[in-house]
Each structure stands twice: as structure tokens, then as C-alpha cells.
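Line by line, the protein sequences are chains V and P.
Taking the numbering used here, I'd label the letters of the first sequence as residues 6 to 434.
Taking the numbering used here, I'd label the letters of the second sequence as residues 26 to 350.
The set of hints was computed from the structure by calculation and includes no laboratory data.
Hints may contain errors.
[Claimed, not checked] Chain V stretches covered by chain P per the calculated footprint, using a threshold of three residues with CB under 8 Å from any CB of chain P:
1) 47-61
2) 102-108
3) 123-129
4) 180-193
[As the list claims (entries may be wrong)] Chain V is faced by these chain P residues, among others (derived, beta-carbon under 10 Å):
5) Ser161
6) Ile193
7) Pro259
For every residue, glycine included, the Cβ atom is placed at its ideal position computed from N, Cα and C.
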Amino acid sequence: MIPKFLTSGPSRRTFLKTAGAAAASFGLPRMALAAGEPIKIGFLAPLTGAVAAWGKPGLDGCAIWAERVNAAGGIQLADGAHPVEFVSYDNEYDPAKARTGATKLIREDGVKFIMMLGGDTWPGVQPVAERTGMLFSTLLPSDLSPDTTTLVAPAEVHPIYNVTGVEWLAQNKPDLKTAVMCAQDDALGLPSVATYLAAFEAAGIEMLDEPLLFDPATTDFAPVVTRLMAKNPQIICLDTCYSDYVHPICEQLFQQGFSGQIISCTADFYDQMIEKTSKEFMEGFIFQFPDFDDPALNSDAINFQDPNGFYAEYNNRHPGQWGAVSWEYASIMDMWKAAAEKAGSSEPDAVMTAMKDGRGAHAFGEADWWGKDLFGIDNALVGDWPVVAIENGKAVIKEFRSIPDWYDRHGDLLVKHMEAYGQMWNQRG
Amino acid sequence: MRNFLILLVGLAALIALPHGLSFSQQEILVFLVINVLLVTSYRLLTLTGEWSLGHVVIMGVGAYSSALYTKELGVYVPVSMLLGAVTAALLAVLLSFPLFRMKGFYFLIGSFAAGEIIRLIWKRFREPFGGVRGISGIDPMPDFSVGFYQFDFFEPVSYYYFAGAIVIACLWILWRIEKSPVGLTFHAVHWQDKLAQASGVNLRAYRTLAFAIASGFAGLAGALQGHYVGTVNPNSFDIEVMVFVLTWAIVGGTATFYGPILGCIVLTVLNEIVLREMGLEQARPLIYGAIMILSILFLPNGLESLVQKATRRKTTAKPEEKAAT
């Protein structure tokens, strides 16, 4: 009696019965969903804390996505239509809490797919992914490695798309020849630094100083900006700074009289930045994340469903909160839905196989599964990416540019700088 | 005999506990057990009157060291955990030279600075610390069988038993230290430092001893966590985490051995289970903060004061009952 009671076996059996998600890894038959039963999707991202700006707006976007899909009849699988339902867990950008969240979503909620921001939290989840075979997505492909076979990066190839902004700048403003850069010294900042260095080198733009890496706990950006401006650069690059840094840095640049070009990965809540500085100061600010009311997104090549309507609904529900990730998780869901319907099943391995069968329908157009060189595995979807500029106080897509084309010409530079910053998959701890 | 029975029932309850919980609650239980060791070790340091802001970083030292001993040197995981604890204790001895030139508020700030220096070293040196990404793919505790029970350390129940046994042993050691002449001297260093010094007690040596012992156990807690989660990074041991430890100690109270443990359990259950289950996931920081302020306003001596009141009432009621009969 006692040995039976103490044995941990039942917990795994219970897990298989209730979740069914680990069936493949344990070689047991799958639990099929009953007809009309909701398909649960996990949302495992920071919803509170310093990184919440890259989690919470995504969950809000997913709620809109789910309403639209359910209103249109849900997910059409081989056994009929199923509504979709999101289950969230706030991982506070902590790997231990991410592990707990992944366990809850898989074993208790029975989700079929989990979306994550990734970064610091992925290593805590990886053992759970390996053990259960659950399909995960990340916004940060630097999480990818040959071991992460059930992890995909189908929305953004951060930070590789940053090369398109620099390339556009070099071609459209050829008089700009010098630059400096700052970034927070963390897992998000460093690969982006390497990418911008490669892009500037490829564009023939001279770096006047080493990238200025500041501690993520920094709150006073006056000294940072003073040092950036000391070399009198034509371009100041803000790398992939969190919005909590981009805003005060821009304020300082404005107050210290910078009048040159600013380029950044993101400009979340740029209307607030304009309020803090001026429309003139922010004119021409280059970044990579468009507002989805942009007419350029109505092109036939765009795969995101009704971007203008999505943006309007988002702003109606969450005024002033549109950010870089508001649409990204929803766009991943578009791809997941297409793959599940193609497979006729919501089981992780079937969806993964269908998703990677041929080219992928990325939000900004058809794209290829790529990444062997940089990540050791072709699980990142890469194609065109928009270059966005602020014009007259509004974000405007200037052009879509091909990331693979740039990589074909300058891939060696990217690898060189990634290696210098220890960001290649085989250099990670 | 009565105490033995209570102990037996308590032990049985601890063994049965995870089987009444959901999978995610079992995961939380593992981290709770580890945090109980962390906060109890912190209390040992506070016995000498010094409050540190570097205790969580010291926990990180144990986690990093143990991870590196297994990854780089191939040391067997349980041994590397012990070595991680020893490394944390030795580092504390080293840090004590500059830090114990200070007292009170200055020690508090000094400990924060020392912790930040350690975190910056982890960030700056990619070799061997992994830089800002830290170290991932840390070897887990190897599975084994004891005949009637198969330990599979991916499962939270198995790790709870493993970590729980270690933590109970550590708590017993910490309890014995506090009740020993050394522990009484720690109290004297705090409350009667001049008198203690006049009696020949080397204040600095005892402060260093408390710091090293507390750090050793914190390092062990870090190692337990690192080998379970499989990753360590500098952000996991930052000042925000330290604030949680301080909160557990303050809300629970530090006058008794069980005070910080009580604070840790109550606040963790509240934050990680109750508020999440109530669907207040995103409002947790706000509610958690409000509860903290309220508890400090209305329970200035911590949750332990409630237990003390209850037990005092019970003991004072006994003579009256006798008189009545």
C-alpha cells in the first residue's frame, strides 16, 4: 500500500489522461478533442513587471483574434469545427515561473500550443518541451538551437530584420556616414548590437565608438546620451531597447539638442514620445514595427487577416496601447490555424509537420524556414520586413525589404559580429 | 512520546502534501521549499543585527558554482551542490573583510554594492558565467530508485521529496546553531554588543561566522534551484528577488525561528496560488503590495505575533481551567 502510494507513476498517467499532449513522447495514443470542444492555446509571457510591454499587448491582440476566428466558425479540423480559447500564465520573465506556467498549461489546461516571448524564460521551459513534445513559439529566435526541435520562431526574426532599416537608410540618405549606438546589456540587446554593427558595416557607415552598453537597471540616461553625442555622430542607433529606455533616451536627445537621424528597432507608444519631445524632433525616426492601419498592409502579398480592422478594434479596446507585439502573437496564431487545418488535427507534432511543409505564410508575405547558419536549426520563418518612418507624427511603412537577400550578400559580416558578441547558438552558456 | 507523535504526523503530512495538489502547485511547492531554506538562512544573519541586501546574490553564487562544477568539471550533482554551498560560504568570508568594517545601514548598502559587483562579474565574463544569458542546460539531479520509490527528478513530487529532506536537515542544523552557545552569542552581538565585547567576545568574528553560515545555506538553496530549473542568469538574483526575501522576513517576523518561514509560505501561497486562481493575475503586484502595507500597519510584529498570541492564550488558560476544576 505504502509503496503504491509513494510511487510517482500515477501523476504521469494522470497527466497523459488529462492533457494528452505528451502522448507522442511516451508512445501512447493521443486523446482527440470531442466535436465542438474548444482548442486551448497557452500564452506564457510576462504580463506584469518590466517586460510586460512585450507580453500583455500580445494577449490583448490574441483575444481579438480568437473572437474573430470563433465568429467565423472556429478551427476546421478533420473531426469538425472547434472554437479556440486562450489560457494565459504570467511568467514575470522568470525561468522558474515559466517552467511552472508551462507545466500548468500542458498538464492541467491541456493546451495544444504555447506562445512565448522567449529570452531568459525559454531555458526554464526547454526541459518541459523536450519531455512533453509540446509545440512552442518564441518571438526571439536566439532561443533556437539544434536541441529545440519543437520551438519555432514564425513571427519575427529578431534582431536580423534590423538590417533592413539600416540598408534603407543608407540608400535613401547616403550623406549619413557616421553612427554611434547604445543598448541595454542583456540577452535582447547584445544580438541586436551585433546585427546593427553588421548592417552598418555592410552599408559603409562608420561606427565612431564602441557600442555603449548600459545596465538594464539604468534610470538616468543623461550621461548615456551625453556620451553618445560627444562624438558628434550623424546617426544614433537605439538598438533593441525596451520602451522604458527608448522614451527617456529620446527625451534626453531632444533636451541635449540632437538634430541628427535616430534609428531603433522599436518605437512603442511613439505618440507619447512625440508629446515629450516634438513632432519635428521625431520626424524621420526609423524603426521596424508598423501601425496596422497602414495602407501598405492592404497589399495582396500580406497574409495577416484584415490588418486595418484589427488595428481599429485594438485601438478601440486599448487606446494608446498598440505596440510591437500587439499583432505578432495573433499572426503566429494565423499560421498555427492554417497548419492545424491543413493537418486536420491540433496535435503538436501534426501541426509542426504541416507548418514546416514548404514555405510559410508570414504576416508580411511568403517566407522560408531558415536559421541553420545562425541558430543551428531551420525553425525561423524569414522573408520581407517593413522599414517604418515617423512622418508628420505618424508611423508610415516606407518599404518592405528582403532579409534573405541581405543575408545572401552580407551573411559573413553578421556571423562575424555575432561571434564577436558570443551570440551564435554554439557559443551560448 | 507526544512530541514524537506530532513529529510523525507532521512528516506524514509533508509526504502526503504534494499528492493533494495540482501539477503547477507541486512546482510551486518545490520553489517554496527552497525559499524556506533561503529565508531561514537569512534570519540567521539577522540574529547578529545585520540585514544584508546581497543574500539572494549569494544564493546565486551557490547556483552558479554548482552549475559550473557539474558542467566544467563533471562533478556528480549532489557533490556539486555541496561544493556550491561551500563556495558561497567561502565568498562570504572573503566579503566579510570589507563589509564588516561597516555596521547597520552602511552594511546594508555595502552588501548591496557587493552583490551588484558579483552580478556584474557574471554579466561581463561570458567565460565561464555565460554573460547576460547565464548558464543553461545545467545537469539535473540524476534519477535513482530506492526500491519502493523511483526518483524521477523532472517530476516536481520527486524533487520536492529530495529538496524537502535536505531543507529539513538544514533547518534542524540552523535550529541547533541558534540554540547553541554560538547562537546565543549571535543574539548577544545584536542586543548587548558592548557587554559581549567586554566579556571577550570577538564581535567581528561572530558576525563573520553568521554571515558565512547563512551564505552557505543560501548557496545550497541556489544550487537546489539551479539543478531543478536547469538555468541560472544574473536577473534571477537581482534586487527585486531580494525584496521578496525581505518581505517574507518582515511580514513573517524575525523574532522566532518560524516567523520568516510563515511569511514565506503565506505570501507565496497568496501570490502564486490564491491571486492567480482568483483570476487576478495581472493585478497581483498591486494586491500583494497592498496586503504587505496592511500587514505592516496592523501586524507590526509580523505573522508570528498571531501565533504567539494564540499559544500564550492557551498557556494562560490552562491554570484557570485547573482552578475552575
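Right, here's what the structure says about each hint:
1. For the region 47-61 of chain V, the stated coverage by chain P is satisfied: 4 residues place a CB nearer than 8 Å to a CB of that chain, which reaches the threshold of 3.
2. Remark: the region 102-108 of chain V is confirmed as covered by chain P, as 4 of its residues place a Cβ nearer than 8 Å to a Cβ of that chain, reaching the required three.
3. By the rule of at least three residues with a Cβ nearer than 8 Å to a Cβ of chain P, the coverage given for the region 123-129 of chain V holds, with 3 such residues.
4. For a cut-off of 8 Å, the count of residues in the region 180-193 of chain V with a CB near a CB of chain P stands at 3, and the three-residue condition holds.
5. The criterion of a C-beta within 10 Å of any C-beta in chain V is met by Ser161 of chain P, whose closest approach is roughly 4 Å, and the hint holds.
6. At a threshold of 10 Å, the smallest CB-CB gap from Ile193 of chain P to chain V is about 17 Å, leaving the interface hint violated.
7. About 9 Å separates the beta-carbon of Pro259 of chain P from the nearest beta-carbon of chain V, less than 10 Å, and the hint is met.
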